[in-house]
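Number of protein chains: 2
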Amino acid sequence: MAQPLTDTSKLCVHTITTKPWPIETAIDRFAAHGVKGMTVWRDALAGRNIAATGQRIRDAGMSVVSLCRGGFFPALTEAGRQAAIDNNRRAIDEAAALGAPLIVLVCGAAPGQPLSVSRQQIQDGIEAVLPQAAAAGVKLAVEPLHPMYADSRSAINTLEQANDICDAINSPWVGVAVDVYHLWWDPHLQAQIRRCGEAGRIFAFHICDWRTPTEDLLNDRGLMGEGCIPIRQIRGWVEETGFDSFNEVEIFSTRLWAGDQDAFLGRVVEAYLAKS
Amino acid sequence: MAQPLTDTSKLCVHTITTKPWPIETAIDRFAAHGVKGMTVWRDALAGRNIAATGQRIRDAGMSVVSLCRGGFFPALTEAGRQAAIDNNRRAIDEAAALGAPLIVLVCGAAPGQPLSVSRQQIQDGIEAVLPQAAAAGVKLAVEPLHPMYADSRSAINTLEQANDICDAINSPWVGVAVDVYHLWWDPHLQAQIRRCGEAGRIFAFHICDWRTPTEDLLNDRGLMGEGCIPIRQIRGWVEETGFDSFNEVEIFSTRLWAGDQDAFLGRVVEAYLAKS
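Protein sequences, first through last, are from chains A and B. First residue of the first sequence? That's 1 in this note's numbering, and the numbers climb one at a time after it. First residue of the second sequence? That's 1 in this note's numbering, and the numbers climb one at a time after it.
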């Protein structure tokens with residue numbers, strides 16, 4: 001079991017967690033609440049000067065932790081797969097401009113083809129963009145998604161599969177993002193986190209909670225402590241590998257987005273310290 | 001890949017699939033549509049003479065395939081766990097009265113305790129009722145549930161886990177129910193079906209489909225062909241083990257329950273032949 005967190009020095013918050021805020025507000029308010037890292041979702045950059053936005057984050061005393069998200073490589077047509085690769089190339093350019101050292105990959109799945117085919121297209125897509133990522137100094141994190149997203153969001157649904165694809169690609173620029181929401185149920189989680197650690201490939205650690213009942217497949221994540229995920233235990237497994245980067249709060253919640261975001265951010269900090 | 005189905009001799013439908021119908025209507029209409037097996041949900045038996053209902057099913061030319069459902073063994077208190085065991089004992093009595101050779105177990109999970117604890121309580125609960133089940137000639141099928149139900153419905157979420165718990169209990173009266181909805185995403189599915197087969201423990205095979213998007217975690221299952229599950233491929237893996245019992249159509253769908261149930265049952269038969 002990890003030690004309780006006593007300060008916010010490792011606290012990163014995703015821009016999507018306070019989705020109603022424009023990124024400029026998020027930068028100001030995150031910093032005011034003592035948040036030290038920001039993971040930027042690409043939609044938050046629409047219409048902005050990306051390099052200037054990255055500088056603004058750093059000027060506020062925060063690190064740019066990662067850019068969310070690349071991926072979605074599988075498609076039924078060659079043109080669709082090429083469009084995905086082109087989109088990931090743009091994401092690499094954006095990450096470089098922003099000063100983000102990492103892109104999180106939601107790998108994708110196409111419901112009209114077998115998962116095994118989607119998995120091969122994911123590997124092919126990552127390998128296609130990898131030289132550009134390495135040249136830009138941007139790492140790529142394969143994020144295994146919960147099996148309830150296997151139809152259309154990711155054919156990579158367990159940490160074992162993420163480890164397998166990283167082994168197959170075998171590049172220091174490709175690792176994994178461990179998100180407790182997607183992986184908490186897996187009886188092999190501790191062993192696969194250890195395997196990640198031995199390969200030096202835990203690039204990111206995401207936290208939130210699983211509510212009972214969960215009322216929406218996408219946008220009903222809980223604040224830490226609102227659900228049943230043993231977050232501190234999983235954080236302990238991750239830290240045992242030597243991971244010492246940020247703990248990233250990534251919450252999609254129609255319920256929580258509907259309230260005052262500054263009060264919510266205060267609750268995020270409290271829950272981070274008490275329940276993570 | 002399995003051969004296409006050319007008749008309804010192996011078609012079983014769960015009473016919950018046509019939930020709006022009282023079981024008497026279901027018996028008449030299932031038989032009229034050529035359905036040859038019925039899996040009875042316990043709620044459908046409320047207020048009925050159970051033995052007479054079983055006889056009515058057989059008189060209509062159908063087999064009673066199984067009783068749904070037992071399980072839900074984990075609880076935070078000893079009293080809660082005992083109540084679950086008592087409830088499963090009643091289910092065994094009901095199955096015996098109905099003439100059902102099998103009870104499907106939705107094993108349960110208690111969100112306030114670790115999954116590992118719930119898993120042990122599941123094993124303890126099954127072992128507690130096993131002598132009564134064997135004496136009654138009623139088999140018990142552990143049904144691994146999709147990981148999105150790990151919080152409160154089942155701590156057994158993969159076929160590997162179901163195989164493991166069956167190995168641990170090691171009784172010819174305890175096997176598994178393979179449901180494509182819960183398991184289709186699992187990269188180890190074929191290997192674990194083979195393992196089931198070697199142990200002679202595939203007691204039931206359930207089919208439906210996964211829709212994109214799925215709009216409700218519980219009641220948005222699709223008719224075969226409405227989604228992305230490779231049903232025929234999985235049926236092939238199951239049949240390769242020597243399984244030759246019923247293919248059970250189990251669909252929970254607010255959308256499909258809202259329409260005319262006789263027309264829907266006609267679509268079930270069509271989809272069974274064309275898409276399963």
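None of these hints come from the bench; they were simulated from the model. Treat the hints with care, since some could be wrong.
[Claimed, not checked] Where chain A lies over chain B, by a calculated footprint (3+ residues, C-beta under 8 Å):
hint: 1; stretch: 20-28
hint: 2; stretch: 147-155
hint: 3; stretch: 185-196
hint: 4; stretch: 215-229
For glycine and all other residues, C-beta sits at the position ideal for the given N, C-alpha and C.
Here's how the hints hold up against the structure:
1. Judged by the Cβ-Cβ criterion of 8 Å, the stretch 20-28 of chain B is not covered by chain A as claimed, because only 0 of its residues qualify and three are needed.
2. For a cut-off of 8 Å, the count of residues in the stretch 147-155 of chain B with a CB near a CB of chain A stands at 5, and the three-residue condition holds.
3. Judged by the Cβ-Cβ criterion of 8 Å, the stretch 185-196 of chain B is covered by chain A as claimed, because 3 of its residues qualify and three suffice.
4. For the stretch 215-229 of chain B, the proposed coverage by chain A is satisfied: 4 residues have a C-beta within less than 8 Å of a C-beta in that chain, meeting the threshold of three.
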